[in-house]
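Asks: Heads up: the protein sequence lines correspond to chains V and W, in order.
Going by this note's numbering, the residue at position 40 of the first sequence is 40; the numbering climbs one at a time, nothing skipped.
Here this note's numbering runs 597 ahead of the position in the second sequence, where the first position is 1.
Since the hints were made in silico from the structure, they are not lab data.
Be aware that one or more of the hints could be misleading.
Partial chain V-side listing against chain W, Cβ under 7 angstroms, derived [stated by the list, open to error]: (1) S46; (2) V49; (3) Y53; (4) P227; (5) P231; (6) G233; (7) P238; (8) N240; (9) F241; (10) N259; (11) V260; (12) P264; (13) R267; (14) Q268.
Backbone N, C-alpha and C define an ideal beta-carbon position, used for all residues, glycine too.
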Amino acid sequence: MPDQTFPPAKPDVVVIGAGWAGSIMAKELTEAGLNVTMLERGHDHSTAVEGTYPGSIDELRGAVRKRLFQKLAHTSLTIRNKPNETALPYRQLAAFLPGEGVGGAGLHWSGCHFRVTEDDLRLRSATIERYGQKFIPKDMHLQDYGISYKELEPFFDKAEKVFGTSGEASSVQGRKTGQGNIFAPDRSDHFPLPAMADTFSASVFRKAASEAGFHPYSMPAANASQPYTNPYGCQMGPCNFCGYCSGYACYLYSKASPNVNILPALRQDKRFTLITQAQVLEIMLDDTRKRATGVRYIDLKTESEQVIEADLVILSAFQLNNVHLMLTSGIGKPYDPVSQTGTIGRNFTYQTITSSRVWLPENRFTNQFVGAGGGGVAIDDFNHSGLDRGKAGFIGGSPIWVNQAGLKPITAAQNSGGKGAPRWGSAYKAAMIDQYKHSLAIDAHGSNMAYRDVYLDLDPTWRNAYGQPMLRMTFTWKDNDIRMNQFVVNHIGDIAQAMGATKTSLNSLHPGQPFDSRVYQTTHLNGGVILGNNPKTSALNRYLQSWDVSNLFVIGSSAFPQGMGYNPTGLVAALAYWSAYHIRQTYLRNPGPMVHA
Amino acid sequence: MSLLLPSTSTKRMFSLRPLLMVGLGLLGIMATALPTRAARADDAPLPAGVIEEGHYQAILGDCAACHTQPGRPAYSGGMPFKLPMGTIYSTNISPDPVHGIGHYSEAEFARAVQLGIRKDGSALYPAMPYPSYARLSKADIHALYVYFQRGVTPQPVDPPANGIIWPLSMRWPLHIWRWLFSPSVQSAQLRTNNQFSDPVLARGAYLVEGPGHCGACHSPRSITLNEKAQTAKDGPLFLSGGGVVEQWVVPSIRQENRTGLGRWSEEDIVEFLRTGRARTGASFGGMTPVILHSAHAFKDADLHAIARYLMLLAPAQKETPWVYDPSTAAMLRRADMSQPGAQIYMDRCAACHRTDGAGYGTVFPPLAGNPVVMTADATSLIHIVLAGDSTHALHTSPSAFTMPGFADTLSDKDIADVVSFIRKSWGNNSKSVKDSAVRRIRRSMPQPATPEQRPKN
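With the rest of the complex left out, here is chain V (with noise of 0.2 angstroms):
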């Protein structure tokens, strides 16, 4: 594969963006007999050389200084809670962690990859047949996906083979097999690796919540539980629980990435082209509006500024890039939060996440170094579709888990005791030894819905430094999501109760909490560019074509309608291989709108 900084004359397709999303489209695309350039405003990453051991386990330059995330010096964006505030920049990465380089954020994650419930794709529809149109809050968009599960099935499938997921089925093709997860829908097939093995603390957790009466069941990992090759021919190692997941590239070939599960196959076919430090500005209209004539883009090597043209655009940068490219150039129309009309940068939403903390005695070591990105024991009883959300008035839900990731000695060290321990002298080490050895966390990792007035525009103030409006985002906590964030804490006390917690301390959000962007929670950030079956509450079809442009289409967690309670990358991939099918069996014969509105 020629990685070059020009790219060829014309190819079939330019992707924009070296994540997940781009590169299943860039495979699938490939795999169609298309050329295909796809761009990436960041470096080239690889194993040997950002995952070489012992370089790549380094805290300080991985989660602390932040290696493989975005470059905040050459675009951020600004963030305000309320429409009448004025936002400012975003000038260090906290709440949230956008990836830059090849891989994106699917090389920094973490690997928990859930599928979705069934009335996660058609929650508006659900949530009336159960409780009536009076029971959505006003202001809240609630909205379908226009997708069945049933149809989405045979995506989420491949995506697990492709990215090698451990994990355990509780029914697969109508038949109950297995520990897994109760609430799960029906699979096709068993997940391709084994569940990962339990840490102490998953353990611990899987048998308190199982005596508390719920249902606990392995979280799927996109970690290996074993050596894996997967379809394209590209090979994982097992993980051996270093618990350098989340913010690294993992030196073990285990943490499935588009490096090392996609792009290593892609790499062999003289059909992809790879542009690194390629910023894209703009994604370029020809006179009618309605017809994508290509890119235009910043190449870093050279400081100059480059076009490129193509048949077919693929916008699969993150979330919040995909909502500010549509911005910036020019496609659909701007969402409107006073007249509720307009559809780019609607339904932005992201995730409710509260972590509570459980000491055990002395005696019990939860050695919390060890662990796996994506592992862990996981509980739906406040997920699952079947819950009754009558009494406690909410929409949406948390699945609980205990996902010990590996704590690492810095954040342990920043973050000991929990509320009220001392922060300094021979209190405070007593105080993070302990934790350290006897501590456990349990999150409540939740839904997050869509609000009038929660969006994403373009700031009137503030540039990057590529001269662009940068993007504004309007975003605050509202009472369902605390509501239901409550509801589910609140169960928390009973399992670690079961677990012969010492010590225990619940966090969950209350009631006029703004979202503070100071706070690590998830980088879980949906919508903006969302799919639907109406072109005035979406922007773009069930098969993510934009309802504007249908030579171009948006693929990313941009798309969905609402944030859901499991981990986003799943979706994504499962949307990106379902819109790659119906471009390839549909579009590429018969190119133009594939939905009439």
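Start from chain V and add chain W according to the hints.
Replies: Below, chain W alone, put in the same frame as chain V:
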């Protein structure tokens, strides 16, 4: 002046200096240039498939390894070989009539490939493995000739001029070497072809002894640099392990239980050649480019023929069979780090190669029972711990795995300890290594791969 040379910087079978000395020692015996006659290849229609067959023959013979420089047009030569007396460059073997071999007749081409004599009658350096290529059948030579005349794009470029000074630049003494050590085509073919009645084994013998020229690296050479044995018939020295090339030990590929292929199955050998990795071991050092340029593209039947043939080669030396010893793993699992090197092994090696030394399938190779770990000479093991190495990405196996180097993080003593530990654990029974050996290899090993040169996965 041009040379036909079959080695790359990573696949060099021997230094040319002693060879030249031998040649000069024989001064006074004049070479006789054979008469030459050029019959140009015409453009008459070819039977279907000849060019493809010739292309395959070029893969079997690994011509590109020396005659194609990475990033340069195919077969345009110019691969540099730095020798103590100067740098020489491989020749352009594309069909350009002036700069390449476009003016060679088929007979002249055969004579160069099989006997080491150029069109002008001068001798080639025997780094070109013509003693092996002498075994090529007439049909295969024909296909190869057609491919190099009609299937390759002419490249009107000259490799850089060689930088060897007189008198070392004289090459007529090479004819003497040729007469002494290189077989005639007829005797070579008879010797290789008459060994086996089984067609699969006969094919294996032909591939290994002929185009594959495995003995060029894997057979020991005498002081005069000729291979001590050229066929299975020549006795147990054949393929019993070559010298040290660029600080990599070339192991035996006969059936020794510990240090040869005695415990490899036919499928292991086939997988190794096709992908550079098998459950029994992974390619590293000088074998990796051979797999990249050549072996991975062999036909399945040919790979099996090679494996079946290699499995018939009796051990060159008797070894007590390797038996897995679980005591090392038990010791490491109870955190007994009293043995020198044990702690380093746990900290640096065990994540991939495991406490039981078994590795993980074709991803991370085993150390327990791996023949390259137990060779008498530990140079390879020391080298790979110092510099690290990578397998190569191939269509058949797109993931390339990298072992990091520890030259910057481990001292000579650390490396001597951990290498000795590996050579004595899990049933391995090889001698310890000294700090001084690590120091010597650290000084003389080639530069490790730069980040840009490392695999991208």
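Asks: Indicate, hint by hint, whether the structure satisfies it.
Replies: Evaluated hints:
The closest approach between the C-beta of S46(V) and any C-beta of chain W is roughly 5 angstroms, which is under the 7 angstroms cut-off, so the hint is satisfied. Checking V49(V) against chain W: minimum C-beta separation of about 5 angstroms stays under 7 angstroms; hint holds. Look at Y53(V): its Cβ gets to within about 5 angstroms of chain W, closer than 7 angstroms, so that hint holds up. For P227(V), the interface hint holds, since its Cβ comes within 7 angstroms of a Cβ in chain W; the closest pair sits about 4 angstroms apart.
With 7 angstroms as the threshold, the beta carbon of P231(V) stays out of range of chain W, its nearest partner Cβ sitting at about 12 angstroms, so the hint is violated. With its C-beta approaching chain W no nearer than about 5 angstroms, G233(V) sits inside the 7 angstroms limit, and its interface hint holds. Satisfaction of the interface hint for P238(V) is found here, the shortest Cβ-Cβ separation to chain W being roughly 5 angstroms, below the 7 angstroms cut-off. Here the hint on N240(V) is kept, as its CB sits about 5 angstroms from the closest CB of chain W, short of 7 angstroms.
About 10 angstroms separates the beta-carbon of F241(V) from the nearest beta-carbon of chain W, more than 7 angstroms, and the hint is not met. With its C-beta approaching chain W no nearer than about 6 angstroms, N259(V) sits inside the 7 angstroms limit, and its interface hint holds. Here the hint on V260(V) is kept, as its CB sits about 5 angstroms from the closest CB of chain W, short of 7 angstroms. At a threshold of 7 angstroms, the smallest CB-CB gap from P264(V) to chain W is about 4 angstroms, leaving the interface hint in force.
Taking 7 angstroms as the C-beta contact cut-off toward chain W, the hint placing R267(V) at the interface holds, the least distance being around 6 angstroms. The closest approach between the C-beta of Q268(V) and any C-beta of chain W is roughly 5 angstroms, which is under the 7 angstroms cut-off, so the hint is satisfied.
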